[in-house]
Amino acid sequence: MSTPLSAASAADTPPGIPGVLSLYQRTPTTLSYHDSSPSSPHTLVFVPGLTDTLASVPYLALLVPMLHAHGFSLVQPLLTSNMSGWGLATLEGDAQELARCLAHLRRSPAKAHGKVVIMGHSTGCQDVVTFLLSQARTEDDSTKVDAAILQAPVSDREDYEWRRSQLADDEQRKEWDQRMQHARTLVQQRKGGEVLARLFSSSSWSSSQNDDVLPPTDPFATTSAAAVAIDNDDDDDDDKDGQTTTTGGNSKAALTSAFTAYRFTSLYDRGGDDDLFSSSLSDDEIVSTQPRRRTMGAALRNLVVAASHRRGSQGGNDEASTLRMLAIMSDRDEYVHPPADPHAIVQRWNSLLAPADAATQPFQARILEGGNHKVDDPDAQRRLVAMVQDVVLGLL
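Basically the working numbering = 1-based index in the sequence shown + 12.
Hints are supplied without guarantee of correctness; some may be wrong.
[What the hints assert, rightly or not] If you anchor each label on the Cβ, the simulated ranges turn out as follows: (1) Asp369 - Thr39: 49 to 59 Å; (2) Thr39 - Ala368: 31 to 41 Å; (3) Arg305 - Asp181: 37 to 47 Å; (4) Gly205 - Arg38: 19 to 29 Å; (5) Trp174 - Met399: 19 to 29 Å; (6) Asp181 - Arg38: 45 to 55 Å; (7) Thr39 - Asp181: 46 to 56 Å.
To be clear, the hints were calculated from the coordinates, so they are not data collected in a lab.
Cβ atoms here follow ideal geometry from the backbone N, Cα and C, with glycine treated the same way.
Please work from the sequences and hints to get the whole structure.
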């Protein structure tokens with residue numbers, strides 16, 4: 013899910029997260045990660061959403077003290093898809109980079125035998141499910157994880173459909189439909205890697221082909237260094253000479269990411285690879301564990317099976333009843349649009365993936381009261397940290 017970026021004052025900047033910045037991959041591209049406590053035996057790996065990057069989710073700083081108290085560190089890997097790369101990337105590509113990061117962490121003597129929780133935010137939840145869909149990853153000692161947390165697992169496809177329904181006229185909707193059909197055709201022709209024309213912004217969803225998505229290029233148009241540093245108005249401000257002074261830096265490049273035909277249909281078409289959490293999915297599209305099915309049920313099955321294979325080898329509370337996957341839906345998530353309802357989604361997932369008559373309950377879905385998509389409210393953040401702590405303590 014793409015969240016618009018905006019500049020903020022220093023007072024609005026969340027607290028920093030101390031730790032160590034290291035590389036987990038040198039080739040074919042250099043990728044780094046931040047570890048809040050490299051000496052801690054256990055790890056929570058955090059995967060953010062579209063346009064996000066390190067420390068951009070506001071509740072992380074509050075999460076760290078709880079994790080440290082239980083021997084966990086917070087690891088934030090930088091992925092190729094972060095910031096502006098998401099429209100050209102794939103979920104499986106993200107999952108492979110996450111596997112590289114986990115394998116690197118396992119080579120550390122301090123973390124070689126510790127527990128690992130992988131937590132996604134927003135579209136990062138799709139990354140987590142995709143990572144778990146590979147039995148090779150869940151079974152391998154170097155990339156195994158013990159539990160997964162999905163925070164704000166909402167539907168990019170249903171958000172796209174809602175935004176289309178809000179367009180002002182039929183002509184705009186026709187443009188959107190033509191773009192989708194063009195992307196579908198390219199995918200059917202095995203040309204899914206072709207980049208689509210950037211017809212509209214992923215943040216404003218303007219359909220005007222005249223909107224220039226090029227970031228600023230003219231150093232002489234900047235009239236104030238302070239305006240560049242802090243600007244709470246629109247990205248473009250008209251100066252006294254009638255010229256446009258752009259204060260958003262390269263944020264346009266992230267917010268108007270170029271799309272491959274594949275990623276466009278993956279995110280926004282029914283049945284796309286990203287379409288894992290839509291309220292309109294059938295029961296089978298949620299729970300099926302048949303080979304090559306991309307479902308929450310298949311990901312959960314792989315987690316549970318892998319845990320059963322190694323049960324008892326590491327000691328601790330690694331029992332069949334351990335909570336393996338927690339889905340957390342905010343009751344005020346601005347990306348969940350009617351008729352979809354967070355409470356109904358949570359109830360349905362629990363009935364399908366954690367039926368009351370099941371012998372074990374490795375899955376739970378919960379409502380986060382007072383939370384929006386990124387959980388900006390401090391009280392909601394504390395409730396979220398308590399939910400994450402439930403997963404952590406269940407593994408120890």
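To see whether the hints hold, each was checked on the structure:
1. Asp369 - Thr39: 49 to 59 Å: holds, 51 Å
2. Thr39 - Ala368: 31 to 41 Å: violated, 50 Å
3. Arg305 - Asp181: 37 to 47 Å: holds, 39 Å
4. Gly205 - Arg38: 19 to 29 Å: holds, 25 Å
5. Trp174 - Met399: 19 to 29 Å: Distance hint for tryptophan 174, methionine 399 holds at roughly 27 Å.
6. Asp181 - Arg38: 45 to 55 Å: 51 Å Cβ-Cβ, so the 45 to 55 Å window holds.
7. Thr39 - Asp181: 46 to 56 Å: holds, 50 Å
Checked against the numbered hints given earlier, the structure breaks only hint 2 and satisfies all the rest.
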